[in-house]
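> Each chain, written out:
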Amino acid sequence: KQEVTQIPAALSVPEGENLVLNCSFTDSAIYNLQWFRQDPGKGLTSLLLIQSSQREQTSGRLNASLDKSSGRSTLYIAASQPGDSATYLCAGSSNTGKLIFGQGTTLQVKP
Amino acid sequence: ETGVTQTPRHLVMGMTNKKSLKCEQHLGHNAMYWYKQSAKKPLELMFVYSLEERVENNSVPSRFSPECPNSSHLFLHLHTLQPEDSALYLCASSQERVGGYGYTFGSGTRLTVV
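From first to last, the protein sequence lines are chains A and B.
For what it's worth, my numbering labels the leading residue of the first sequence as 173, then goes sequentially.
For what it's worth, my numbering labels the leading residue of the second sequence as -3, then goes sequentially.
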């Protein structure tokens, strides 16, 4: 059974810092790994999707990597801004298509 | 707005009421999902539909009844709910159920059961 864990649960950094959010999963037979952003009380916005055959994806200041052998994915945020404050969720997809979510990392970027 | 639209955005209902949540996607996706997000818990998958056929029911109580009349619309019918059912209900879609396609989520319906 796939389980997804995110560390840390919460993170507070000053504006401008580079930061890394971690995601680990128990089943290496993962189809893809998707990172989402959720603002308070809102839905999920997809940030990056890493397919099984890929190792990383980049979008602007965001870079996500996937290492299936170690069961880990990281989301790197460069030059953080107050607008990046949100909860970041990672989710892994099994070969049956089921998307399993971690509990999220709540990020606060202080001006 | 994302490609997945959910209505209403907020809903307050009594335990004896019957209400429905609606989800609509115009992305041409063939799979649709209902998720429940409670405070301090990871998102929980409730139902999966592929080509309008329910392919998964994740041990959800019968007071939640899904309906998928076509590949663009998904409903969640609610009746005799409990206060612990209060949560954010999220709809999502993907190109296909299997194959590693990414999910697109709606903005959710915030449900409060009183």
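Hints listed in this document are in silico derivations from the structure and should not be mistaken for laboratory results.
Positions of the beta carbon are idealized from the N, C-alpha and C atoms, including for glycine.
Do not rely on the hints blindly, as some may be mistaken.
[Stated by the list, open to error] Label pairs and their computed distance ranges (CB to CB):
no.: 1; chain 1: B; residue 1: 34; chain 2: A; residue 2: 180; range: 20 to 26 Å
no.: 2; chain 1: B; residue 1: 3; chain 2: A; residue 2: 191; range: 33 to 39 Å
no.: 3; chain 1: A; residue 1: 190; chain 2: B; residue 2: 11; range: 26 to 32 Å
no.: 4; chain 1: A; residue 1: 250; chain 2: B; residue 2: 73; range: 30 to 36 Å
> Could one say that the CB atoms of residue 190 of chain A and residue 11 of chain B fall in the range 26 to 32 Å?
violated (49 Å)
> Between residue 250 of chain A and residue 73 of chain B, does the C-beta distance stay in 30 to 36 Å?
Taking Cβ atoms as reference, residue 250 of chain A and residue 73 of chain B lie about 45 Å apart, which means the hint is violated.
> Go ahead and decide if the range 20 to 26 Å is satisfied by the Cβ distance of residue 34 of chain B to residue 180 of chain A.
holds (21 Å)
> Within 33 to 39 Å: is that where the Cβ-Cβ distance between residue 3 of chain B and residue 191 of chain A falls?
Given range 33 to 39 Å: holds, Cβ gap about 36 Å.
In this structure, the earlier hints numbered 3, 4 are contradicted, and the remaining ones agree with it.
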